[in-house]
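*Asks:* Chains as they are written, first to last, in numbering that gives the first Met the number 0: chain Z, 0 to 232; chain V, 0 to 77; chain B, 0 to 245.
I should point out that these hints are in silico values taken from the structure, not numbers from a laboratory. Careful: at least some of the hints might be erroneous.
[Said to hold, decoys possible] Computed from the model, here is a short list of chain V residues facing chain B with C-beta under 8 Å:
hint, residue
1, Phe2
2, Asp3
3, Phe8
4, Gly12
5, His14
6, Ala21
7, Val24
8, Ala36
9, Ala38
10, Leu44
11, Ala51
[Unchecked claim] A short list of chain B residues far from chain V (calculated; beta carbon distances all over 10 Å):
hint, residue
12, Arg19
13, Phe78
14, Pro197
Beta carbons are placed, not taken as given, at the ideal position from N, Cα and C, and that holds for glycine.
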Amino acid sequence: MPLFREPEGGAGVAIRATLKRDLVLMMRRRSEVLNPLVFFALVITLFPIGISPDPELLAAIAPGLLWVAALLAALLSLDSLFRSDYDDGSLEQLLLSPQPLPALALAKVAVHWLLTGLPLALMAPLLGIMLSLPAGSYAVLALSLALGSASLSLIGAIGAALTVGLSRGGVLLSLLVLPLYIPVLIFGAGAVQAAILGDGVSAHLAILGALLAVALSLAPWAIAASLRISING
Amino acid sequence: MAFDSLSAFLAMGGHGVYVWAAWGVTGLLLVGTVIHARAERRALLRDLRRRARRAQHHGASSDVATSVSHQEGHARES
Amino acid sequence: MWAFIHKLGSPKWFYAISARLQPWFWVAAAVLIVIGSAWGLAFAPADYQQGNSFRIIYVHVPAAFLAQSIFVSMAVAGFIFMVWKIKVADMAAAMMAPLGAAMTFVALFSGAVWGVPTWGTWWMWDARLTSMLILLFLYFGVIALRGAFTSRDSASRAASVLAMVGVINIPIIKYSVDWWYTLHQPATFSVTSRPAMPMEMWAPLLIMVLGFYSFFIALTLMRTRSEILRREANKRWVRELAGEVS
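All chains should be built: construct the whole structure from the sequences, respecting the hints.
*Replies:* See below:
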């Protein structure tokens, strides 16, 4: 009987292992999960202070404010997506793995969304109350953010992968990623606006879904290519 | 001709400031990029010639190799 | 034919071939832009509604077309570099980017200036200008990313990936922004569809567009040639060339 054996493998095992590892690691680093949420709340607090506490005015701009603040909070959390793995060398190990890198990258992004984007989406209605967001739009707010933030995680991961090896990559990351976020912002905030006006939101949500589909099919490969560039550079 | 006189042409029916500002900036940038490209090429050739002369004097190719890495850092600017 | 394309990939051959092509594009650019400008500024009729400020279209539209075309060219060049490892493609992509950003700025500036007599404001968040502004940021991103890497090969590959990601997003961004704000006039010029303008107005526009494109090709050829010299400086043919040039 051989002493050493190649581990039973296959892409499925590797993906599940990556998911589990990243979940555990992120749960240990509670601050990484909570920081974006606190940032979200803080930014929303800044607007009434900086603009006006008038509920009617806030209600008019609430959809956009909530979406922009959530978007920025998601952006903030991106830098740490690959950084700690890059720093301790486990990213390089991931690249050496025989399993398809796009699938593993997708697993990492999925965990990131689960612990960043989704919480932001669930917290948003609370902040919506503080901005006098009109009734009938709270569910759409959460739904559009949940759907949209998945795209934001995927697109943002490309930028994070490109800049993970750079010394001041964080600033550059924002420049790279924010223009690409704009379509998601337009249809996400648009969905909430439509809900307030009583118009149909299905078109907006459908487009958000389409954007997510495009991101899901293309981003993993871009992320993988970008990771290889950053590691080999 | 769409204009009766030179002054009418420059005035552009009251919109002269806008038309000439737009055309002016465009022209400046077009000309500017050409000037920059030509200066870039001239400086490059000057540098290459200097290196070729140095290599001749010293009779070694190691000079060229070190200068190449200097050029690489320089190339980042464009 | 493949042999010709393969030859183009060699820096030395590209340098030689482009030497012969360059002058034609400069001449074409000069002639077309001078004729187009004279026609557009002095001979074309003023617009019924906008008067003479309409003449800004003769720089705004060519610049806008170039701004988008250059980004697409950059992405295509990046793709060619990533797939076939042709370095000349990457050199061209690197040299194109600043001109693309400059043209985007020209489109923004001329569009904004045009807005003053037309809408009474220096800036308008309409679909066209907003898309152009986003495009300018995309250019800045590619240029900044290329400059951030110390290894040239990493810089080239990263810029190629970003350019490709950007180019996929450009139609998505355009569609989104168009949907978001439908104030700007519909596109007045398209090669395939019937123009809404009379011939006296769109003919000089076509000439200017062709002139700008010739300018882009001429300038990119010139700068790519410089970049070839820069990157291949330690090759013998470059050293010999430098020795010949007085």
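*Asks:* Taking the numbered hints from earlier one at a time, note which ones the structure violates and give those numbers from smallest to largest.
*Replies:* 2, 9
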